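Peer 1: Okay, here's what each chain looks like letter by letter:
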Amino acid sequence: MNLRDTTAIAGIGYTELSKDSGRSTRTLACQAIRSAIADAGLTVADIDGIATHQVNDCAPLGDVVAELGLRNLTWFAEELGGGGKAPAVVAQAALAVAAGAARCVVVFRALNGRTGLRMGGSGVDRPIRSADLEFQRPYGMIAPAQNYALGARMHMNRYGTTAEQLGAVAVTQRAHAVHNPRALMRTPIDLDDYLGSRWITEPLRLLDCCLETDGACALVVTSADRAADLRRPVVTLTGWAWGIGMNDFSNSDADLTTTPARLVARQLFERTGLGPTDIDVAELYDAFSISVLLQLEDYGFCQRGEAGPFVASGATGLGGSIPVNTHGGFLSEGYIHGLNHVCEAVAQLRGEAGERQVPAARVALSTAQPGYINGVSSALLLTGQP
Amino acid sequence: MTSPLGPAPGPETREFWTAAREGRVTAQRCAGCGAFRFPPGPVCRRCGSDGVAWVGLSGAGKVVSWTVTHQPYHPDLVDAVPYTVLLVELAEQPGLLMYGNTDIPAAELRDRLPVRAVFRAHPDGWTRVDWAHAW
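Protein chains in written order, with my numbering: chain A, 1 to 386; chain B, 1 to 135.
Keep in mind the hints are simulated off the structure, nothing from the lab.
All figures in this text were calculated on a predicted structure; none of them were measured in a lab.
Careful, some of the hints might be misleading.
[Claimed, not checked] Partial list, derived from the structure: chain B residues whose beta carbon lies under 10 Å from chain A:
1. Met-98
2. Val-118
3. His-122
Beta carbons: idealized from backbone N, C-alpha and C, even for Gly.
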């Protein structure tokens, strides 16, 4: 069954992004969902499906459904999981629509990532405990940043990647966020600011790390035919893919310079017949700057080992060959766990991204990556109207 | 009282921590194909056998990556930072990895640096496998 471009994202919605929402995740979820429904030109009564993912850091799905008064539900999904999941959940919604299980599905992610459950932390409080953790935690190896730091160091050792090249990711994305009114961090930075920011876990500095964020976003998935009758320009779901890597120990060539995004990319490009050169804008999961470098290689935007010079050349900036994280990403817009990347891709394909708009953007990639390099990953390819 | 960061051995992992307390580095070895596996697991990823034995390792390895952590991610680590975590590839098998701490200064760390296991008893009663220069 060829589902290419048969489903669409018809609406997107956000709450304000902040360091202290002063609201429950239930309230954040409802606000973002109402905003997405209104954006699509629909009403709550039109919604018959709902999907989310969370890590015990959001009100239960049932609470959100009750608060919204969704009385016509025929389908739902509530996934346990974090960074790798947002595109996967959107794709599940698309599958539900394509299979006739629902006609209009809202997908949301709400979290108080600063004032509620903070990612990383002791590992004891970590909502999902990998078996590996027993042999990491006793050594103080408990936060995703440390895992990605090992990957960054390996990339530096193997390919000569430099601190300045990691810094180019942060500087480039901040330059994008300057043009994004929703972004938490909009003051431009340069490489000196980057190099002067404090160590978190070497070789990663503060400005290599995502922003702990309170907020929510949501989107509406429906059929492409129905979307064509709604108020916004149609953005279709062209393809999706899932992939899971081996765990942190057993990636059998001891290689943390590649990720399960390589598995996802292969599926995505085989299924759609598209490739990296067909993509106009890429919203790449950026819990840490190094994650962007690894994905640029895994998705084939540059050769292995060359992502550092590639980013330093300006290729991922607005006006570059493949603009990346046009909203500023997790590093500068905020961290809504990946769904904000999907929403930005939709805004770009509608031509509604204002001063950060990529001219004539037609095909967008939106990705998700695990909190630990070898975990769950997924991605979407989206297409706008010419 | 046990630190929340300390080992919490379960039925499949107790052997490793008990051996470490006795100054031995151990891993599981597949009874079917002889492949080592660590962390311990229910089945061999290489041949599918569930037959397994715990065996002693040489304690020799090479550094494949490292990080010096400055951020105290847990209240119990406030006095420990900065500390170094190594990822070590063990001599017995390519891709057989262990994490551990080290006192080797960061300036001396490099890819493929030879290291050897050392044993560090903690106040919580458990012994960690750490790493030192191989010489």
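Peer 1: The structure should be examined with respect to each hint, and the outcome stated for every one.
Peer 2: Status of each hint after checking the structure:
Hint on Met-98(B) holds. Least Cβ distance to chain A is approximately 7 Å, under the 10 Å limit. Restraint check, Val-118(B) versus chain A: the minimum CB separation of about 13 Å is more than 10 Å; hint violated. With 10 Å as the threshold, the beta carbon of His-122(B) comes within range of chain A, its nearest partner Cβ sitting at about 8 Å, so the hint holds.
The structure does not agree with numbered hint 2 stated previously, though it agrees with all others.
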